[in-house]
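Enquirer: Sequence:
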Amino acid sequence: MDELSVKFLLCADDQVILTLSACGLQEMINKMILLKSFYLSSLINNSVKKKGMKLNISKTKVMIFERGESTTECNILKEDEKVEQVKEFVYLGSLFTNDGKRDRDIERRVNAGNEVNTRYYG
Numbered sequence: 251m252d253e254l255s256v257k258f259l260l261c262a263d264d265q266v267i268l269t270l271s272a273c274g275l276q277e278m279i280n281k282m283i284l285l286k287s288f289y290l291s292s293l294i295n296n297s298v299k300k301k302g303m304k305l306n307i308s309k310t311k312v313m314i315f316e317r318g319e320s321t322t323e324c325n326i327l328k329e330d331e332k333v334e335q336v337k338e339f340v341y342l343g344s345l346f347t348n349d350g351k352r353d354r355d356i357e358r359r360v361n362a363g364n365e366v367n368t369r370y371y372g
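Counting the sequence shown from 1 gives a position; the numbering used here is that position plus 250.
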């Protein structure tokens with residue numbers, strides 16, 4: 251049976267990079283920087299550069315999915331700046347946690363629905 255390997259999740263101006271190791275992630279970030287430099291200097295994407303679009307390091311996060319309570323520290327650099335490591339983040343409305351469990355996301359969604367019902371029905 252064929253395997254499906256997902257390395258990028260893209261939606262509008264958001265991007266998620268999936269790798270098996272910190273070294274793999276650092277390598278992908280370095281490749282992105284090189285590609286960005288190449289593409290931004292080309293005539294096709296020159297308008298992107300003029301509009302000031304760039305990677306926002308303060309919005310860039312790193313998360314390591316692992317079992318249990320322990321958290322592996324990871325030093326990922328983007329142009330000599332350390333990328334913040336987080337234990338959870340919301341992507342396209344879904345809460346991802348470093349333990350890979352979905353219960354907090356489900357609870358969050360149920361609470362949001364209850365809040366809307368309370369406001370609507372008073």
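Calculated from the structure, these hints are not laboratory results. Check the hints yourself; a few may be wrong.
To be verified - Below, a list of computed lysine-lysine pairs in the DSBU-like style, where the Cα atoms sit at most 35 Å apart:
1) Lys257 with Lys351
2) Lys309 with Lys337
3) Lys332 with Lys311
4) Lys311 with Lys328
5) Lys281 with Lys332
6) Lys332 with Lys257
7) Lys281 with Lys328
8) Lys351 with Lys281
9) Lys309 with Lys281
10) Lys351 with Lys328
11) Lys309 with Lys332
12) Lys309 with Lys328
13) Lys328 with Lys257
14) Lys257 with Lys309
Enquirer: Each hint should be assessed against the structure and marked as holding or not.
Expert: Hints, verified against the model:
Taking the CA atoms of lysine 257 and lysine 351, the gap is about 20 Å. The hint holds against a cut of 35 Å. Straight-line distance between C-alpha atoms of lysine 309 and lysine 337 comes to about 15 Å, which keeps the hinted pair within the 35 Å bound. In summary, the hint linking lysine 332 to lysine 311 is supported, as the alpha carbons are separated by about 10 Å, within the 35 Å threshold. Restraint check: the Cα-Cα separation between lysine 311 and lysine 328 comes to about 11 Å, which is no more than 35 Å; the hinted pair holds.
Annotation: proposed proximity of lysine 281 to lysine 332 holds, straight-line Cα distance about 17 Å (limit 35 Å). Of the pairs offered as hints, the one joining lysine 332 and lysine 257 holds, with about 22 Å between alpha carbons and a cut-off of 35 Å not exceeded. The straight-line distance between the Cα atoms of lysine 281 and lysine 328 is roughly 11 Å, inside the 35 Å bound, and the hint therefore holds. A threshold of 35 Å between alpha carbons decides the hint, and for lysine 351 with lysine 281 the separation of about 31 Å falls inside it, so the pair holds.
Restraint check: the Cα-Cα separation between lysine 309 and lysine 281 comes to about 19 Å, which is no more than 35 Å; the hinted pair holds. The suggested pairing of lysine 351 with lysine 328 holds, with an alpha-carbon distance near 28 Å, which does not exceed 35 Å. The suggested pairing of lysine 309 with lysine 332 holds, with an alpha-carbon distance near 12 Å, which does not exceed 35 Å. Straight-line distance between C-alpha atoms of lysine 309 and lysine 328 comes to about 12 Å, which keeps the hinted pair within the 35 Å bound.
For a cut-off of 35 Å, the pair hint linking lysine 328 to lysine 257 stands: about 18 Å separates their Cα positions. Simply put, lysine 257 and lysine 309 have alpha-carbon atoms about 20 Å apart, close enough for the 35 Å limit, and the pair holds.
When each numbered hint is compared with the structure, no violation occurs for any of them.
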